[in-house]
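Trainee: Sequence:
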Amino acid sequence: MGAQMRIYRQRIKSVNSIKKITNAMELIAAARVVKARQRAVEAMPYTTALTRAVSAVASHTNEDHPLTTAKETVQRAGVVIITSDRGLAGSYAASALKEAAELVARLQSEGKEVVPYLVGRKAVAYYKFRKRSYAAEWSGFTDAPRFEHASEIADRITADFLKDTEEGGNDEIHIVYTRFRSMVRQDPHVLRLLPLEVVEAEEAESDTGLDFSVTEYQEGQLVPQYEFEPSADQVLDLLLPKYVRNRIFTCLLSSAASELAARQRAMKSATDNASELIKKYQRLANQARQAGITQEISEIVGGANALADATKK
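Quick note on numbering: the sequence shown equals residues 1 to 313 in this note's numbering.
Read the hints as simulated data drawn from the structure, not as lab findings. Quick caveat: nothing in here was measured; it's all calculated off a predicted structure. Errors might be hidden in some of the hints.
Computed list of lysine-lysine pairs in DSS-like fashion (alpha-carbon distance at most 30 Å, straight line) [claimed, not checked]:
#, residue 1, residue 2
1, K19, K35
2, K268, K280
3, K13, K280
4, K163, K71
5, K35, K98
6, K112, K163
Input sequences plus hints: build the corresponding full structure.
Mentor: Spelled out as C-alpha coordinates, the structure:
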(Lines of atoms letter the chains of each structure in order from A and count residues from 1; the text may use other names and numbers.)
(Lines give C-alpha, C1' and ligand atoms only; values in the text may rest on other atoms or scores of the structure.)
Protein backbone atom coordinates (compact mmCIF):
# COMPACT_ATOMS: atom_id res chain seq x y z
CA MET A 1 0.00 0.00 0.00
CA GLY A 2 2.85 2.36 0.78
CA ALA A 3 4.30 1.85 -2.72
CA GLN A 4 0.90 2.62 -4.27
CA MET A 5 0.58 5.79 -2.22
CA ARG A 6 4.00 6.95 -3.42
CA ILE A 7 3.04 6.30 -7.05
CA TYR A 8 -0.22 8.25 -6.73
CA ARG A 9 1.49 11.17 -4.99
CA GLN A 10 4.16 11.29 -7.71
CA ARG A 11 1.50 11.31 -10.43
CA ILE A 12 -0.44 14.06 -8.70
CA LYS A 13 2.74 16.12 -8.46
CA SER A 14 3.54 15.56 -12.17
CA VAL A 15 0.02 16.45 -13.35
CA ASN A 16 0.04 19.52 -11.11
CA SER A 17 3.23 20.71 -12.79
CA ILE A 18 1.70 20.22 -16.24
CA LYS A 19 -1.46 22.02 -15.11
CA LYS A 20 0.56 25.08 -14.08
CA ILE A 21 2.20 25.19 -17.53
CA THR A 22 -1.04 24.81 -19.49
CA ASN A 23 -2.79 27.38 -17.31
CA ALA A 24 0.04 29.86 -17.91
CA MET A 25 -0.10 29.22 -21.67
CA GLU A 26 -3.87 29.73 -21.63
CA LEU A 27 -3.49 33.12 -19.91
CA ILE A 28 -0.75 34.20 -22.32
CA ALA A 29 -2.82 33.21 -25.36
CA ALA A 30 -5.89 34.97 -23.94
CA ALA A 31 -3.91 38.19 -23.54
CA ARG A 32 -2.29 37.98 -26.98
CA VAL A 33 -5.43 37.07 -28.93
CA VAL A 34 -7.04 40.37 -27.93
CA LYS A 35 -4.13 42.28 -29.45
CA ALA A 36 -4.05 40.06 -32.55
CA ARG A 37 -7.76 40.55 -33.16
CA GLN A 38 -7.39 44.28 -32.63
CA ARG A 39 -4.58 44.42 -35.22
CA ALA A 40 -6.77 42.62 -37.73
CA VAL A 41 -9.68 44.98 -37.08
CA GLU A 42 -7.44 48.05 -37.36
CA ALA A 43 -6.16 46.87 -40.75
CA MET A 44 -9.66 46.71 -42.22
CA PRO A 45 -10.20 50.44 -43.04
CA TYR A 46 -7.11 50.48 -45.26
CA THR A 47 -8.11 47.15 -46.82
CA THR A 48 -11.59 48.53 -47.48
CA ALA A 49 -10.33 51.72 -49.13
CA LEU A 50 -7.67 49.93 -51.18
CA THR A 51 -10.01 47.20 -52.41
CA ARG A 52 -12.66 49.71 -53.43
CA ALA A 53 -10.06 51.79 -55.23
CA VAL A 54 -8.69 48.78 -57.12
CA SER A 55 -12.24 47.73 -58.03
CA ALA A 56 -13.04 51.21 -59.31
CA VAL A 57 -9.84 51.45 -61.38
CA ALA A 58 -10.27 47.96 -62.82
CA SER A 59 -13.80 48.80 -63.94
CA HIS A 60 -12.63 52.00 -65.70
CA THR A 61 -9.82 50.55 -67.80
CA ASN A 62 -10.04 48.47 -70.95
CA GLU A 63 -6.47 47.27 -70.81
CA ASP A 64 -5.82 43.67 -69.75
CA HIS A 65 -3.44 43.83 -66.80
CA PRO A 66 -1.23 40.75 -66.15
CA LEU A 67 -2.50 40.48 -62.56
CA THR A 68 -6.19 40.63 -63.49
CA THR A 69 -6.26 38.62 -66.71
CA ALA A 70 -6.94 34.90 -66.46
CA LYS A 71 -4.81 32.76 -68.76
CA GLU A 72 -6.52 30.66 -71.38
CA THR A 73 -4.76 27.47 -70.34
CA VAL A 74 -3.85 26.95 -66.69
CA GLN A 75 -1.00 24.46 -66.37
CA ARG A 76 0.54 25.35 -63.01
CA ALA A 77 -1.11 26.65 -59.81
CA GLY A 78 0.68 28.03 -56.78
CA VAL A 79 -0.83 27.39 -53.33
CA VAL A 80 0.21 29.48 -50.32
CA ILE A 81 -0.50 27.48 -47.14
CA ILE A 82 -0.60 29.48 -43.89
CA THR A 83 -0.18 27.42 -40.70
CA SER A 84 1.56 27.99 -37.35
CA ASP A 85 5.14 27.82 -36.08
CA ARG A 86 4.17 26.08 -32.84
CA GLY A 87 1.76 23.38 -31.79
CA LEU A 88 -0.45 23.13 -28.70
CA ALA A 89 -3.26 24.86 -30.61
CA GLY A 90 -5.69 22.00 -31.04
CA SER A 91 -6.52 21.18 -34.66
CA TYR A 92 -5.61 24.64 -35.99
CA ALA A 93 -2.66 23.61 -38.18
CA ALA A 94 -4.16 20.22 -39.05
CA SER A 95 -7.38 21.86 -40.30
CA ALA A 96 -5.46 24.27 -42.55
CA LEU A 97 -3.32 21.43 -43.92
CA LYS A 98 -6.41 19.30 -44.54
CA GLU A 99 -8.07 22.16 -46.43
CA ALA A 100 -4.86 22.61 -48.45
CA ALA A 101 -4.71 18.89 -49.25
CA GLU A 102 -8.29 18.99 -50.55
CA LEU A 103 -7.46 22.03 -52.69
CA VAL A 104 -4.32 20.38 -54.06
CA ALA A 105 -6.27 17.21 -54.90
CA ARG A 106 -8.95 19.25 -56.69
CA LEU A 107 -6.39 21.23 -58.71
CA GLN A 108 -4.52 18.07 -59.66
CA SER A 109 -7.76 16.42 -60.76
CA GLU A 110 -8.18 19.37 -63.14
CA GLY A 111 -4.82 18.51 -64.68
CA LYS A 112 -2.86 21.33 -63.03
CA GLU A 113 0.61 21.05 -61.54
CA VAL A 114 0.59 22.38 -57.95
CA VAL A 115 3.45 24.43 -56.50
CA PRO A 116 3.20 24.88 -52.69
CA TYR A 117 4.47 27.95 -50.80
CA LEU A 118 4.63 27.24 -47.07
CA VAL A 119 4.11 29.66 -44.18
CA GLY A 120 4.78 28.28 -40.67
CA ARG A 121 6.98 25.46 -39.38
CA LYS A 122 4.02 23.07 -39.14
CA ALA A 123 3.48 23.19 -42.90
CA VAL A 124 7.23 22.82 -43.53
CA ALA A 125 7.46 19.82 -41.20
CA TYR A 126 4.39 18.26 -42.85
CA TYR A 127 5.93 18.48 -46.32
CA LYS A 128 9.44 17.48 -45.27
CA PHE A 129 8.20 14.42 -43.35
CA ARG A 130 6.36 13.24 -46.47
CA LYS A 131 9.33 14.16 -48.68
CA ARG A 132 7.23 16.47 -50.84
CA SER A 133 8.74 19.36 -52.75
CA TYR A 134 7.74 23.01 -52.35
CA ALA A 135 8.85 26.33 -53.84
CA ALA A 136 9.52 28.47 -50.75
CA GLU A 137 9.03 28.63 -46.99
CA TRP A 138 8.59 31.39 -44.41
CA SER A 139 8.43 30.92 -40.64
CA GLY A 140 9.08 32.53 -37.27
CA PHE A 141 6.26 35.09 -37.28
CA THR A 142 2.91 33.31 -37.61
CA ASP A 143 1.48 34.48 -34.26
CA ALA A 144 2.67 38.09 -34.73
CA PRO A 145 3.08 38.86 -38.47
CA ARG A 146 4.36 42.21 -39.70
CA PHE A 147 3.75 43.90 -43.03
CA GLU A 148 7.30 43.22 -44.22
CA HIS A 149 6.58 39.49 -43.90
CA ALA A 150 3.51 39.87 -46.13
CA SER A 151 5.52 41.98 -48.59
CA GLU A 152 8.21 39.29 -48.86
CA ILE A 153 5.63 36.59 -49.57
CA ALA A 154 3.66 38.79 -51.98
CA ASP A 155 6.72 39.84 -53.97
CA ARG A 156 7.82 36.23 -54.42
CA ILE A 157 4.47 34.84 -55.54
CA THR A 158 3.78 37.87 -57.77
CA ALA A 159 7.16 37.46 -59.47
CA ASP A 160 6.45 33.76 -60.02
CA PHE A 161 2.99 34.58 -61.38
CA LEU A 162 4.37 37.09 -63.90
CA LYS A 163 6.89 34.55 -65.26
CA ASP A 164 6.01 32.56 -68.33
CA THR A 165 4.83 29.03 -67.65
CA GLU A 166 7.76 27.64 -69.66
CA GLU A 167 10.15 29.46 -67.31
CA GLY A 168 8.59 27.95 -64.19
CA GLY A 169 5.90 30.57 -63.63
CA ASN A 170 2.46 29.99 -62.16
CA ASP A 171 -0.80 30.58 -64.00
CA GLU A 172 -2.83 31.18 -60.83
CA ILE A 173 -2.23 31.59 -57.09
CA HIS A 174 -4.43 30.36 -54.23
CA ILE A 175 -4.13 31.06 -50.48
CA VAL A 176 -5.22 28.68 -47.72
CA TYR A 177 -5.60 30.51 -44.42
CA THR A 178 -7.81 30.40 -41.31
CA ARG A 179 -10.57 32.97 -41.16
CA PHE A 180 -11.24 34.35 -37.67
CA ARG A 181 -14.99 34.37 -37.06
CA SER A 182 -15.14 34.55 -33.26
CA MET A 183 -13.28 33.29 -30.22
CA VAL A 184 -14.94 29.88 -30.61
CA ARG A 185 -15.08 29.65 -34.39
CA GLN A 186 -12.20 29.76 -36.86
CA ASP A 187 -12.66 28.27 -40.31
CA PRO A 188 -9.98 27.25 -42.84
CA HIS A 189 -10.69 29.10 -46.08
CA VAL A 190 -9.42 29.11 -49.68
CA LEU A 191 -9.00 32.34 -51.62
CA ARG A 192 -7.89 32.66 -55.25
CA LEU A 193 -5.52 35.59 -55.09
CA LEU A 194 -4.15 35.77 -58.65
CA PRO A 195 -5.39 36.53 -61.20
CA LEU A 196 -7.21 39.06 -59.06
CA GLU A 197 -10.87 38.73 -58.29
CA VAL A 198 -11.42 42.01 -56.54
CA VAL A 199 -15.05 41.54 -55.52
CA GLU A 200 -15.01 39.78 -52.15
CA ALA A 201 -17.47 37.11 -51.54
CA GLU A 202 -18.55 36.07 -48.41
CA GLU A 203 -20.67 35.47 -45.59
CA ALA A 204 -18.71 37.65 -43.30
CA GLU A 205 -20.06 38.16 -39.83
CA SER A 206 -20.26 41.75 -38.70
CA ASP A 207 -19.68 40.96 -35.04
CA THR A 208 -16.16 39.64 -35.71
CA GLY A 209 -14.83 42.93 -37.03
CA LEU A 210 -13.15 41.00 -39.86
CA ASP A 211 -15.68 41.56 -42.63
CA PHE A 212 -14.01 41.02 -46.01
CA SER A 213 -17.06 42.13 -48.05
CA VAL A 214 -15.45 45.50 -48.47
CA THR A 215 -16.62 46.31 -51.99
CA GLU A 216 -20.26 46.27 -50.96
CA TYR A 217 -21.99 49.57 -50.16
CA GLN A 218 -24.90 49.91 -47.78
CA GLU A 219 -28.29 50.96 -49.09
CA GLY A 220 -28.39 54.72 -49.55
CA GLN A 221 -24.60 55.05 -49.36
CA LEU A 222 -23.13 57.09 -52.21
CA VAL A 223 -20.60 55.31 -54.38
CA PRO A 224 -17.52 57.57 -54.71
CA GLN A 225 -16.54 58.85 -58.16
CA TYR A 226 -12.83 58.64 -58.95
CA GLU A 227 -10.65 60.63 -61.31
CA PHE A 228 -7.40 58.98 -62.36
CA GLU A 229 -4.16 60.85 -62.93
CA PRO A 230 -2.22 60.32 -65.11
CA SER A 231 -4.34 57.37 -66.36
CA ALA A 232 -6.37 54.47 -65.02
CA ASP A 233 -3.85 51.96 -66.38
CA GLN A 234 -0.91 53.56 -64.59
CA VAL A 235 -2.88 53.87 -61.36
CA LEU A 236 -3.76 50.18 -61.64
CA ASP A 237 -0.07 49.32 -62.09
CA LEU A 238 0.64 51.09 -58.80
CA LEU A 239 -2.34 49.79 -56.80
CA LEU A 240 -2.36 46.11 -57.71
CA PRO A 241 0.96 45.16 -56.03
CA LYS A 242 -0.17 47.07 -52.93
CA TYR A 243 -3.45 45.18 -53.01
CA VAL A 244 -1.71 41.80 -53.19
CA ARG A 245 0.59 42.65 -50.26
CA ASN A 246 -2.30 43.96 -48.20
CA ARG A 247 -4.48 40.94 -48.96
CA ILE A 248 -1.75 38.55 -47.82
CA PHE A 249 -1.17 40.66 -44.71
CA THR A 250 -4.89 40.50 -43.91
CA CYS A 251 -4.80 36.69 -44.26
CA LEU A 252 -1.74 36.51 -41.98
CA LEU A 253 -3.46 38.67 -39.33
CA SER A 254 -6.65 36.61 -39.45
CA SER A 255 -4.63 33.38 -39.18
CA ALA A 256 -2.63 34.76 -36.23
CA ALA A 257 -5.81 35.65 -34.32
CA SER A 258 -7.22 32.20 -35.13
CA GLU A 259 -4.05 30.45 -33.95
CA LEU A 260 -4.05 32.24 -30.59
CA ALA A 261 -7.77 31.64 -30.05
CA ALA A 262 -7.30 27.94 -30.85
CA ARG A 263 -4.32 27.76 -28.45
CA GLN A 264 -6.31 29.40 -25.65
CA ARG A 265 -9.12 26.85 -26.10
CA ALA A 266 -6.71 23.92 -26.27
CA MET A 267 -4.83 25.00 -23.14
CA LYS A 268 -8.07 25.58 -21.22
CA SER A 269 -9.20 22.08 -22.15
CA ALA A 270 -5.81 20.67 -21.08
CA THR A 271 -6.00 22.53 -17.75
CA ASP A 272 -9.52 21.23 -17.10
CA ASN A 273 -8.44 17.68 -17.96
CA ALA A 274 -5.47 17.98 -15.58
CA SER A 275 -7.81 19.08 -12.77
CA GLU A 276 -10.02 16.04 -13.38
CA LEU A 277 -7.00 13.74 -13.45
CA ILE A 278 -5.72 15.16 -10.14
CA LYS A 279 -9.15 14.52 -8.56
CA LYS A 280 -9.07 10.94 -9.87
CA TYR A 281 -5.59 10.26 -8.42
CA GLN A 282 -6.58 11.87 -5.13
CA ARG A 283 -9.57 9.51 -4.88
CA LEU A 284 -7.37 6.52 -5.68
CA ALA A 285 -4.80 7.67 -3.12
CA ASN A 286 -7.52 8.03 -0.46
CA GLN A 287 -8.84 4.57 -1.27
CA ALA A 288 -5.35 3.10 -1.01
CA ARG A 289 -4.77 4.87 2.33
CA GLN A 290 -8.12 3.65 3.70
CA ALA A 291 -7.36 0.11 2.53
CA GLY A 292 -3.98 0.29 4.27
CA ILE A 293 -5.56 1.52 7.52
CA THR A 294 -8.20 -1.22 7.34
CA GLN A 295 -5.54 -3.85 6.79
CA GLU A 296 -3.48 -2.56 9.75
CA ILE A 297 -6.55 -2.60 12.01
CA SER A 298 -7.36 -6.14 10.86
CA GLU A 299 -3.80 -7.24 11.64
CA ILE A 300 -3.91 -5.62 15.11
CA VAL A 301 -7.28 -7.20 15.90
CA GLY A 302 -6.10 -10.54 14.58
CA GLY A 303 -2.94 -10.33 16.67
CA ALA A 304 -4.92 -9.39 19.80
CA ASN A 305 -7.31 -12.28 19.30
CA ALA A 306 -4.42 -14.69 18.81
CA LEU A 307 -2.76 -13.39 21.99
CA ALA A 308 -6.00 -13.75 23.92
CA ASP A 309 -6.46 -17.31 22.74
CA ALA A 310 -2.88 -18.16 23.71
CA THR A 311 -3.40 -16.67 27.20
CA LYS A 312 -6.53 -18.76 27.78
CA LYS A 313 -4.63 -21.91 26.98
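Trainee: With reference to the structure, classify each hint as holding or not holding.
Mentor: Verification of the supplied hints:
no., hint, verdict
1, K19 <-> K35, "25 Å, holds"
2, K268 <-> K280, "19 Å, holds"
3, K13 <-> K280, "13 Å, holds"
4, K163 <-> K71, "12 Å, holds"
5, K35 <-> K98, "28 Å, holds"
6, K112 <-> K163, "17 Å, holds"
Of the hints listed earlier, there is not a single one the structure fails to meet.
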